[in-house]
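Could you build all of it, start to finish, from the sequences and the hints given here?
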Amino acid sequence: MLPHSLSLKIFQYLELGDRLNCAEVCWAWKSVLQSSTLWSQINVSVEKHWITDSTMKQVLQSYRPFVIYLNLRGCTSLTWNSFRCISEFSPS
Numbered sequence: 001m002l003p004h005s006l007s008l009k010i011f012q013y014l015e016l017g018d019r020l021n022c023a024e025v026c027w028a029w030k031s032v033l034q035s036s037t038l039w040s041q042i043n044v045s046v047e048k049h050w051i052t053d054s055t056m057k058q059v060l061q062s063y064r065p066f067v068i069y070l071n072l073r074g075c076t077s078l079t080w081n082s083f084r085c086i087s088e089f090s091p092s
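At position 32 of the sequence shown the residue is numbered 32 (full-length UniProt numbering), and the sequence of numbers has no breaks.
Some clues are possibly wrong.
[What the hints assert, rightly or not] Label-pair ranges, simulated between beta-carbon atoms:
| hint | residue 1 | residue 2 | range |
| --- | --- | --- | --- |
| 1 | Ala28 | Asp53 | 25 to 31 Å |
| 2 | Gln61 | His4 | 22 to 28 Å |
| 3 | Pro3 | Phe83 | 37 to 43 Å |
| 4 | Val46 | Ser87 | 18 to 24 Å |
| 5 | Glu88 | Ala28 | 15 to 21 Å |
| 6 | Pro3 | Cys75 | 16 to 22 Å |
| 7 | Ser77 | Cys26 | 16 to 22 Å |
| 8 | Arg73 | Lys9 | 36 to 42 Å |
| 9 | Arg84 | Ser5 | 35 to 41 Å |
| 10 | Thr76 | Asp18 | 19 to 25 Å |
| 11 | Glu47 | Lys9 | 31 to 37 Å |
FYI, nobody ran anything at the bench for these hints, they're computed from the structure. All figures in this text were calculated on a predicted structure; none of them were measured in a lab. Ideal Cβ positions, reconstructed from N, Cα and C, are used throughout, including at glycine.
Shown next, in the form of structure tokens:
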């Protein structure tokens, strides 16, 4: 396994879906992928064609405390359920 800091730099280049998949590979990768720096900015618009309400809920349940910026531009597949979920996980 690579050092944590090096793994973190590599994972920074992955899109959302790839990060979610990598977190399922092994405990060590999941540990690195739980770093707040990887989740402060989430750009879902890059993957707007496959993002679903359940994926959005999964991301927010796991990483919402770290999210500062969330770009949903063009995500027409999301329904009001996703926006409700976003508001529930947003700080007051």
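Comparing the hints with the structure gives:
Between Ala28 and Asp53 the beta carbons are some 30 Å apart, a value that agrees with the proposed interval 25 to 31 Å. Against the hinted window of 22 to 28 Å, the Cβ-Cβ separation of Gln61 and His4 comes to about 24 Å, which satisfies the hint. At roughly 39 Å, the beta carbons of Pro3 and Phe83 sit within the given window of 37 to 43 Å. Separation of Val46 from Ser87 is about 23 Å and conforms to the stated range, judged on CB atoms against 18 to 24 Å.
At roughly 31 Å, the beta-carbon separation of Glu88 and Ala28 lies outside the given 15 to 21 Å, and the hint is violated. Taking the beta carbon of each, Pro3 and Cys75 are about 35 Å apart, not inside 16 to 22 Å as hinted. The hint said 16 to 22 Å for the Cβ distance between Ser77 and Cys26, and at roughly 30 Å that hint is violated. A hinted range of 36 to 42 Å for the beta carbons of Arg73 and Lys9 is inconsistent with their spacing of about 26 Å.
Here the CB-CB span from Arg84 to Ser5 is close to 37 Å, well matched to the stated 35 to 41 Å. In this structure the hint that Thr76 and Asp18 lie 19 to 25 Å apart at CB holds, the actual value being about 22 Å. The beta-carbon spacing between Glu47 and Lys9, approximately 21 Å, falls outside the hinted interval of 31 to 37 Å.
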